[in-house]
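Let's have the full structure, built from the sequences with the hints guiding it.
First to last, the protein sequences are chains A and B. For the first sequence, the numbering used here begins at 1 and goes up steadily by one. For the second sequence, the numbering used here begins at 1 and goes up steadily by one.
Below are the DSBU-like pairs computed for lysine-lysine, each with C-alpha atoms no more than 35 Å apart in a straight line: (1) B/Lys12 / A/Lys317; (2) A/Lys179 / B/Lys27; (3) A/Lys447 / B/Lys207; (4) A/Lys153 / B/Lys375; (5) B/Lys447 / A/Lys207; (6) A/Lys253 / B/Lys207; (7) A/Lys288 / B/Lys25; (8) A/Lys317 / B/Lys27; (9) A/Lys383 / B/Lys153; (10) B/Lys15 / A/Lys278; (11) A/Lys288 / B/Lys207; (12) A/Lys6 / B/Lys288; (13) B/Lys15 / A/Lys179; (14) A/Lys253 / A/Lys422; (15) A/Lys288 / B/Lys227; (16) B/Lys179 / B/Lys412; (17) A/Lys317 / B/Lys6; (18) A/Lys383 / A/Lys412; (19) B/Lys475 / A/Lys153; (20) B/Lys288 / A/Lys15; (21) B/Lys227 / A/Lys227; (22) A/Lys74 / B/Lys153; (23) B/Lys434 / B/Lys74; (24) B/Lys317 / A/Lys12; (25) B/Lys317 / B/Lys375; (26) A/Lys74 / A/Lys25; (27) B/Lys479 / A/Lys153; (28) A/Lys122 / A/Lys475; (29) B/Lys15 / A/Lys307; (30) B/Lys142 / A/Lys153; (31) A/Lys253 / A/Lys179; (32) A/Lys6 / B/Lys317; (33) B/Lys174 / B/Lys317; (34) A/Lys15 / B/Lys207; (35) B/Lys174 / A/Lys12.
Because the hints were derived from the structure by calculation, they are not lab data.
There are 2 protein chains.
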Amino acid sequence: MLELFKSIRLDKEDKIPLYTQLYGKIKEMINEGILCADFRLPSVRRLADALHVNRVTVVSAYRQLESEGLVYSKPGSGTYVENAPALTGRSAGKDPDVFLDELYQQDDLSLISNGQIKIDDKTINFASATPTPDLFPVEDFKLVLNEVLERDKGNAFGYQDSQGFYPIRESIYKVLENKIQGVSPESIQVISGAQQGIDIISKALLKQGDCVITESPTYTGAIAVFKSRGAEIIDVEMQESGPDLNILEYSLKQYRPRLIYTIPSFQNPTGYSYSNYKRAQLLNLAEKYNCHIIEDDYVSDLDFEGKNYTPLKAMDKQDRVIFIKSFSKIFMPGLRLGFMVAPRHLQGIILEAKHATDISTSGLIQRAFDLYIRKGFWDRHFKFMYDIYRERYTLAVKSLDRNLPDSATYAKPGGGLNIWLKLPMGISANSLSKHAQAEGIVFAPGKIFYSRNTPQKLDNIRLSFAAADSGQIEKGMEKLCRMIHLFQQRQVSYQNLPVL
Amino acid sequence: MLELFKSIRLDKEDKIPLYTQLYGKIKEMINEGILCADFRLPSVRRLADALHVNRVTVVSAYRQLESEGLVYSKPGSGTYVENAPALTGRSAGKDPDVFLDELYQQDDLSLISNGQIKIDDKTINFASATPTPDLFPVEDFKLVLNEVLERDKGNAFGYQDSQGFYPIRESIYKVLENKIQGVSPESIQVISGAQQGIDIISKALLKQGDCVITESPTYTGAIAVFKSRGAEIIDVEMQESGPDLNILEYSLKQYRPRLIYTIPSFQNPTGYSYSNYKRAQLLNLAEKYNCHIIEDDYVSDLDFEGKNYTPLKAMDKQDRVIFIKSFSKIFMPGLRLGFMVAPRHLQGIILEAKHATDISTSGLIQRAFDLYIRKGFWDRHFKFMYDIYRERYTLAVKSLDRNLPDSATYAKPGGGLNIWLKLPMGISANSLSKHAQAEGIVFAPGKIFYSRNTPQKLDNIRLSFAAADSGQIEKGMEKLCRMIHLFQQRQVSYQNLPVL
Numbered sequence: 001m002l003e004l005f006k007s008i009r010l011d012k013e014d015k016i017p018l019y020t021q022l023y024g025k026i027k028e029m030i031n032e033g034i035l036c037a038d039f040r041l042p043s044v045r046r047l048a049d050a051l052h053v054n055r056v057t058v059v060s061a062y063r064q065l066e067s068e069g070l071v072y073s074k075p076g077s078g079t080y081v082e083n084a085p086a087l088t089g090r091s092a093g094k095d096p097d098v099f100l101d102e103l104y105q106q107d108d109l110s111l112i113s114n115g116q117i118k119i120d121d122k123t124i125n126f127a128s129a130t131p132t133p134d135l136f137p138v139e140d141f142k143l144v145l146n147e148v149l150e151r152d153k154g155n156a157f158g159y160q161d162s163q164g165f166y167p168i169r170e171s172i173y174k175v176l177e178n179k180i181q182g183v184s185p186e187s188i189q190v191i192s193g194a195q196q197g198i199d200i201i202s203k204a205l206l207k208q209g210d211c212v213i214t215e216s217p218t219y220t221g222a223i224a225v226f227k228s229r230g231a232e233i234i235d236v237e238m239q240e241s242g243p244d245l246n247i248l249e250y251s252l253k254q255y256r257p258r259l260i261y262t263i264p265s266f267q268n269p270t271g272y273s274y275s276n277y278k279r280a281q282l283l284n285l286a287e288k289y290n291c292h293i294i295e296d297d298y299v300s301d302l303d304f305e306g307k308n309y310t311p312l313k314a315m316d317k318q319d320r321v322i323f324i325k326s327f328s329k330i331f332m333p334g335l336r337l338g339f340m341v342a343p344r345h346l347q348g349i350i351l352e353a354k355h356a357t358d359i360s361t362s363g364l365i366q367r368a369f370d371l372y373i374r375k376g377f378w379d380r381h382f383k384f385m386y387d388i389y390r391e392r393y394t395l396a397v398k399s400l401d402r403n404l405p406d407s408a409t410y411a412k413p414g415g416g417l418n419i420w421l422k423l424p425m426g427i428s429a430n431s432l433s434k435h436a437q438a439e440g441i442v443f444a445p446g447k448i449f450y451s452r453n454t455p456q457k458l459d460n461i462r463l464s465f466a467a468a469d470s471g472q473i474e475k476g477m478e479k480l481c482r483m484i485h486l487f488q489q490r491q492v493s494y495q496n497l498p499v500l
Numbered sequence: 001m002l003e004l005f006k007s008i009r010l011d012k013e014d015k016i017p018l019y020t021q022l023y024g025k026i027k028e029m030i031n032e033g034i035l036c037a038d039f040r041l042p043s044v045r046r047l048a049d050a051l052h053v054n055r056v057t058v059v060s061a062y063r064q065l066e067s068e069g070l071v072y073s074k075p076g077s078g079t080y081v082e083n084a085p086a087l088t089g090r091s092a093g094k095d096p097d098v099f100l101d102e103l104y105q106q107d108d109l110s111l112i113s114n115g116q117i118k119i120d121d122k123t124i125n126f127a128s129a130t131p132t133p134d135l136f137p138v139e140d141f142k143l144v145l146n147e148v149l150e151r152d153k154g155n156a157f158g159y160q161d162s163q164g165f166y167p168i169r170e171s172i173y174k175v176l177e178n179k180i181q182g183v184s185p186e187s188i189q190v191i192s193g194a195q196q197g198i199d200i201i202s203k204a205l206l207k208q209g210d211c212v213i214t215e216s217p218t219y220t221g222a223i224a225v226f227k228s229r230g231a232e233i234i235d236v237e238m239q240e241s242g243p244d245l246n247i248l249e250y251s252l253k254q255y256r257p258r259l260i261y262t263i264p265s266f267q268n269p270t271g272y273s274y275s276n277y278k279r280a281q282l283l284n285l286a287e288k289y290n291c292h293i294i295e296d297d298y299v300s301d302l303d304f305e306g307k308n309y310t311p312l313k314a315m316d317k318q319d320r321v322i323f324i325k326s327f328s329k330i331f332m333p334g335l336r337l338g339f340m341v342a343p344r345h346l347q348g349i350i351l352e353a354k355h356a357t358d359i360s361t362s363g364l365i366q367r368a369f370d371l372y373i374r375k376g377f378w379d380r381h382f383k384f385m386y387d388i389y390r391e392r393y394t395l396a397v398k399s400l401d402r403n404l405p406d407s408a409t410y411a412k413p414g415g416g417l418n419i420w421l422k423l424p425m426g427i428s429a430n431s432l433s434k435h436a437q438a439e440g441i442v443f444a445p446g447k448i449f450y451s452r453n454t455p456q457k458l459d460n461i462r463l464s465f466a467a468a469d470s471g472q473i474e475k476g477m478e479k480l481c482r483m484i485h486l487f488q489q490r491q492v493s494y495q496n497l498p499v500l
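What follows is the structure, encoded as structure tokens:
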């Protein structure tokens, strides 16, 4: 079919930009019915090579088509001709992990523009590890917002202290007090979400060519930051009780990294946690090899089976751990609010990096959330969300235990928002994902959580249960298990598989 | 006096961290009256050298003392023993420029913690180029916030499109439409303030060692970002009608920069603007030497004398300009909201960098501000602020023309928020600043706006009139002029000058 596109003639001398010309030609082909609904357009690379144009030209043309609703994109797959003449509105929410997936698809840059996984009301969403808007405490938040505006008036909108509004640092300190000793309002740095925290630390500590150790797989947003900073990422495989300590030490010795990035409890995407022994050893190794640790406290509070893991920061006698926590996962992701606790000797450079990044986090949001904590709303809402997530977790685990073929395995995480499923040998996560999408189930293929494109021995998928309700979890998990079963029986690729 | 400190003995074998030990020793000296009020502590570097400890140790000790109100810091000057046992509360707002000043004082890192210039109600503030909270449209904003919460409910708090909430991109597009042709909602990228915009562009375009041309002097926040990215900053002197084109071309040829960072209208800090001829030439040069331009549209709308400068982006036929605009300067700085219009071929990598930086800008703030524009509040508020700023500008210029000694000069900017004053030969901005602070007037010394510590032939100061009311401007400018006059008469340094 590439032949069809090779016949496109673009005029480099023309005043009309090349991408506009290309866009016009493809649009014509769609309107004339030469390209029918769901036809997959050539990859950006292939078309660029075929037409001897820059990839950017093709990306721009595809984006233009997409913005007009003439084509749509599927993560990890490509760009397709739309059925109807116009797209419906963009989906409001998306999970940052899944978005990053698209960025890594070098051939599908056009997906960037608005390439969320298409999720409608009927989709069972196991891809998103964040709560759905119906669970957000809008009324309570409205109340505190208004109270803050009444109380602080214009001051809520002036430049804020780059370290954070002092009272919210006090409030956070009180929330942390029992978990981590030695924290004070002075040691807390407010950030606009965990993603910004990782970005700021990278600015403060990493130079181009520095090494960073990360678990593998890990949070894609962290990989993106380290790469953007020009750092070398050293993967250490994440196992059920944390990484192999020998391998970790070998990597530390060999690469002398500046940083170790870790999610020690209910890791993203695996759900695995470091044993307390490995936590202690990790700290010892950081001291021995003189590096700092970013502890991304992703969802350690969602401990459904009394694991009681100790935060690294609470064991951090040598002051090597930078503790990051976002309020997104449990509260409201769009709020863009989180905090860090950094070693004392790093606080200055971290503050400087925060200032250069965005001067300060929104004063209004900081003040409102401070009041939200002070009024006890946070405690109450946390309990509410904890119960919901626990129920979903329990249902997901129960359904998997009942329906999953023996050849597919997972380790029960005991908490968090994700389950990391190893598919049976020979079944590709990509194929399963495409098939599931056609059946109205979405999830994140495992490969997006790896920093390198090394082939994995087994294919994994991440099943998140934060955005699906009980009914959807039961139905979706069962359906997915049946699909895996069927895939396994046939051991054929998606292309040859009849619709279930 | 350094001898006194050299006698301090720290025990490196002790379990108590060195900085805590140092803090304790100095605290003792203060409590025992050995160090009296307003005594200047040794600089961080000197004390660190004298005690053979890391500078971080000294910084940490000073911060600890400062956080307990035992010492205070003066920007550009040092750390001093406090008069009273405890400090009053931190000032809520500050100008990012002035803050950055402190960061550049290598010897005064302790200022970072909470080292704002001390500003109380009586201070005449010519240091801040942002409006004061009493001018913020709090009631209108409260109204739109509540309307958005009523309308969008939880969706206002979900993850947002990284490019920005679509309707606000439409609203911004309509605001821009008449000024810059060819913009569309698709070409707009929402950012959390101009500072973030510069940071994101640097992430997208700069590698360590790349060159960036900036005007000299320029906005300190931009310098901080480029430095943080490991870029080499090439200064080109800012003159009254923009930089010398020969020097600019020489720098382009010599250094092959990736980026030119410019504030073409009512530049910060000089208030100077590029002539329309220089604007056109700048674009030609960028094309010739294949680099991109960041156009920081700082306050081009505050055009008080009908200058009608054309934005570079409006003349940008080759699509080389990244246009950045913040709503801070005219609206509310703590809102953290702005936008970019980037060349089409850069939109993908800029979006990727935005995502890695903070995923998205607060959805609530975007939605509320969208409604604020749609209801016509923005237009109305802009006119309100414009009139106020114009009055202040007129008063400031009038007062300077009347009172300034002939040997001090400035170029009437015709707009913006700043006046760049060249002090008479021999008068140091630092000395004047110290003396003025003692008299209740603060302003930004010129040297903080330079990327290098090259000595300037003449000393400059930036006088901003955004945060002072009419009465303060008249009184403050007159007083300042008198001070300059006196300084000049005596031609002596501040140290020997009796209190006026």
